[in-house]
Structures are given as C-alpha cells and as structure tokens.
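Fit chain S to the supplied structure of chain Y, relying on the hints for placement.
What follows is the residue order along each chain.
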Amino acid sequence: MRLHFALNGEEIACDAEPDALLIDVIRDLGLTGTKEGCAVGVCGACTVLVREVPVCSCLYLAAMAEGAPVWTVEGIAKRDPALVECFVEREGMQCGICTPGQVVSAFALGLEHDSATEEEIRGFMSGNLCRCTGYVTITEAVRSYLDHR
Amino acid sequence: MTTAEFVKPGTLDEALAAMTRPGSMLLGGGTSIGILLKNRLIEPQTLVWVGALPELSGIGIDGDGTIRIGAAATLRELARSELLAGAVPVLPDAAGRIGNPRVRAVATLGGALVHGDPRQDLPPVLLALRAQVDIAAGSGTRTAGLDGFYHGFMEVALGEDELITGVAVPARTAWRDRYSRFTPGSEDDFPTVGVAVSLRVGDAGLVEDAEIALGGVDSRPILAAEAAHSLIGTEGGGAALEEAARVAAAHCEPGDDARGSADYKRKMVGVWVRRTVAACLSG
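Protein chains in written order, with my numbering: chain Y, 1 to 149; chain S, 150 to 432.
Be careful, since some hints might not be right.
[What the hints assert, rightly or not] Covered by chain Y, according to a simulated footprint, are these stretches of chain S (three or more residues, beta-carbon under 8 Å): (1) 153 to 163; (2) 195 to 203; (3) 237 to 250.
[What the hints assert, rightly or not] Only part of the chain S face toward chain Y is listed, based on derived beta-carbon distances under 8 Å: (4) Arg170; (5) Met174; (6) Leu176; (7) Gly183; (8) Ile184; (9) Ala254; (10) Val255; (11) Asp337.
[To be verified] DEER-style ranges, computed between Cβ atoms: (12) Y:Gly67 x S:Arg217: 24 to 30 Å; (13) Y:Arg131 x S:Ala407: 17 to 23 Å; (14) S:Ala427 x Y:Ala13: 47 to 53 Å; (15) S:Ala153 x Y:Ile12: 21 to 27 Å; (16) Y:Gln94 x S:Gly404: 36 to 42 Å; (17) Y:Glu36 x S:Gly334: 19 to 25 Å; (18) S:Ala153 x Y:Asp114: 45 to 51 Å.
Simulated from the structure, these hints should not be mistaken for lab results.
Backbone N, C-alpha and C fix where the C-beta goes; we use that ideal spot for every residue, glycine too.
If we strip away everything but chain Y, and leave its shape as in the complex, we get:
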C-alpha cells in the first residue's frame, strides 16, 4: 500500500506492506537512528513521536501513521539541538544504544511539561531502559534541558 506521512517535517510517500511496522519503514528510508531492542515494547530504544506522542515504533503499524507527523531522533536532533547538547554535557549515555529513544522521550516530556519534578521525569521516562548509566546522568540531562529552554 502507498503511505504518506510527514517524516521529520518533510512530506513523504512510500510503499509498504499493509502490516509493516513503523520501525521497519523508517529504517528502510535510511533513518537508522531508531533502534530495535527488545521488539516487544519494553525497552524504548525504538521510541518515535507519532502525532507528537511517544510510541513504540516496533509495535506501531506504519499504516496507522498515514497522514500523521512522525518524528525520529534525527528530526528531533535538528528540531531542538539543545536537547542533544544536554545529553552530551551531562554524559547521559554510555554505550549509546538506548540514547535515540531517551532523546525522543525527553523531547516528548518537554512538549508536555515546562518543568518537571524528579518523580515526573522518572515517570515519563520509565520504560526507556538503560543498562549502563543507572539513569542518574540521563535524568540530569533531561533536568538540564527543561531548565535551560
């Protein structure tokens, strides 16, 4: 089937199977920042925004995004470079595999909240798993992002 959506602000059209998953469509378009980790909606590495809401692209059928704005980490990094800077400055990463999902979720948090408590940050970011940092520097990066916008 023919799909049309706004990928990182750019209207695109592509062919996809009716049951294609959004992550596969995105990656086939060359945007490989979005990672498949657990493939069952638990780890958060595949997080993208559809209609400005964070979703698991590994479970989200691409056809459900027809006509919708879709943002991946590549687009988010351009939309708000300061967010990536905060992750770099606070060292909110180690191996980096979870980082695209962390960045997209942090951006989504910023869309909904001007400020957030530690508990709200951890609640909103829950399910974006990181096996390196212990979350302290990630939480600091998000805090820094919210404070300095």
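For chain S alone, kept in the frame of chain Y given last:
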C-alpha cells in the same frame, strides 16, 4: 506476511462492514497485535483499524452516575482523565500503571478487554466494578456483563461480526475500589497476581456488598464471588478477612511460569486479597 489490506473505517458502520471480509481482524492500538503479527501467531488477511474511530472515543458520565468510556480510549486517556479520577479513581490508577508511557499512549480499552490474556490489569478491575460492555454488530447492538465474557485463555464471548463500542461502569456511590498489582520482578511486567476489590460500605461501617476479582492466577480473569460474599455484613477485617483470603486462594487455579510457581501465586492471592481489602477500608 499475509495481510493483504489495511482498512481505516470512517464510521462504525464502515467498520462493521469491513469485518465481514474473510480473515478480518480488528486493530485498536497494536501493542498486542503487533507482537502476535511479527511472530506469525496471527495471520489476518484484513486489518480493520478502529483505534481512531470517533464513535468509539470519549469518556463521559450519565445523569444517574453511570460512567461511559469509549472502546478506543487509550490507557493514557484513562490514566489522565479528571472525570475518571473523580468518579472511579481505581480505573485511572490501574491504567496508569500498565506497561510504560509509550504503550499506554496507543493501547486501547477495547483492545485490553478483548485480548483475553489473564495477566492483564483492566479486566479484573472492571469485573470488580461490575462493568458492562456495549457490543455492536451488523445485525444490531447488545449489552453484556463483563462477568461471563471471559471463557478461557484468550477466549472471549464475542462473535466474529461483533466489536466492543464502549464500557459502562455503574455509579460508585458508597463504593470503595482498589487494585493491587504484585510485580516481584519488574514493575512494567504483567503482575504475578492482580487483585481488584470493590466494597460498598454502609454508614455503620459494615460491608453491604462486595466484589473481588483476580488476574494472573487462572486461565482467565475471574471473580472470587464466595470470597467477596464472606465479607458482607462484617467490618471487613479479622476472621472475615482471613476467610475471604483463604477462599480466594482456594478458588483460583494458577499455573507455574516465570512469574512464580502455582503454589506461590496461590499464597500471594491470600496476601494481596488481605492487603487490598484493608487498603479499600482504610481510604
């Protein structure tokens, strides 16, 4: 993959018409169907996406206090609903603890009910609330109690031509409702044991009516009616509570799996029935 067509109906009638195509399957948000599809546990020829159907959306309350929730309401909408927080707080509380924010953003109430995995959270909560489901088919509509809806593991009393349009929860006047999800592993996992308790408490502090529902400990979500009955006419503590916990634990038929042995789950049913009833009565 075998799916030949993805249909996004604009109206309920269009959705019901699309469901008559051979091999059709309804899609809410895809958080369960996505996993089943990619593992080829299901091979629908046509996917009918009803998650964006306006007639299945919305959360409201009738003049008599009946709470009405559209089947396409997401768990995120449930969790964030101020109306629900005031009218039936156990529901947003439970919905807000399922999975993670990204799952809650797309998973729908209707999908959560028809999936029929006994480890899910909302079925026991809605069973204890004596919820009714509104069902539509090409031939008309009907309303059914959620009690009786679950036949077995992933088996629900819904015809192939039927879909759930919404859920009705009776007014909660004088009721106290609580849900406990016991997750000894990861908090975002299915619960090892889920216990929903609803109690109607009279002015004298006596339990006048009660429901206890259990998740994760049988082939389907179940009501522990005898256990609940043992609380009626009591203050809900002491020997009556011990009896309710004992009867509930005896009533379920858990299996061994990664979330615990059958014996462990049965013991935990007793523990969490006691704790959940006590929490219900204390607040």
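Consistency of the hints with the structure:
For a cut-off of 8 Å, the count of residues in the stretch 153 to 163 of chain S with a CB near a CB of chain Y stands at 4, and the three-residue condition holds. Three residues within the 8 Å Cβ limit are the bar, and the stretch 195 to 203 of chain S against chain Y gives 4, so the coverage statement holds. Closer than 8 Å: that is the beta-carbon criterion, and the stretch 237 to 250 of chain S has 3 residues meeting it against chain Y, so the requirement of 3 holds. Interface hint status for Arg170 of chain S: violated, as the beta-carbon distance to the closest one in chain Y is roughly 13 Å, over 8 Å.
Interface restraint check for Met174 of chain S: the shortest CB-CB distance to chain Y comes to about 10 Å, outside 8 Å, so the restraint is violated. Checking Leu176 of chain S against chain Y by beta carbon gives a least distance of about 7 Å; that is within 8 Å, so the hint holds. The beta carbon of Gly183 of chain S is positioned within 8 Å of a beta carbon in chain Y (closest approach about 3 Å), and the interface hint is therefore held. Satisfaction of the interface hint for Ile184 of chain S is found here, the shortest Cβ-Cβ separation to chain Y being roughly 6 Å, below the 8 Å cut-off.
Taken as an interface hint, Ala254 of chain S checks out: its beta carbon lies about 5 Å from the nearest beta carbon of chain Y, inside 8 Å. Interface hint at Val255 of chain S: satisfied, since its Cβ lies 5 Å from the closest Cβ of chain Y, which is below the 8 Å cut-off. Checking Asp337 of chain S against chain Y by beta carbon gives a least distance of about 6 Å; that is within 8 Å, so the hint holds. Taking the beta carbon of each, Gly67 of chain Y and Arg217 of chain S are about 29 Å apart, inside 24 to 30 Å as hinted.
Restraint check, Arg131 of chain Y to Ala407 of chain S: a C-beta distance of roughly 20 Å satisfies the suggested window 17 to 23 Å. The beta-carbon spacing between Ala427 of chain S and Ala13 of chain Y, approximately 58 Å, falls outside the hinted interval of 47 to 53 Å. Between Ala153 of chain S and Ile12 of chain Y the beta carbons are some 24 Å apart, a value that agrees with the proposed interval 21 to 27 Å. A beta carbon spacing of about 39 Å between Gln94 of chain Y and Gly404 of chain S agrees with the range 36 to 42 Å that was offered as a hint.
The supplied range of 19 to 25 Å is met by Glu36 of chain Y and Gly334 of chain S, whose beta-carbon atoms lie about 23 Å from each other. For the hinted restraint 45 to 51 Å between Ala153 of chain S and Asp114 of chain Y, the CB-CB distance of approximately 46 Å keeps it satisfied.
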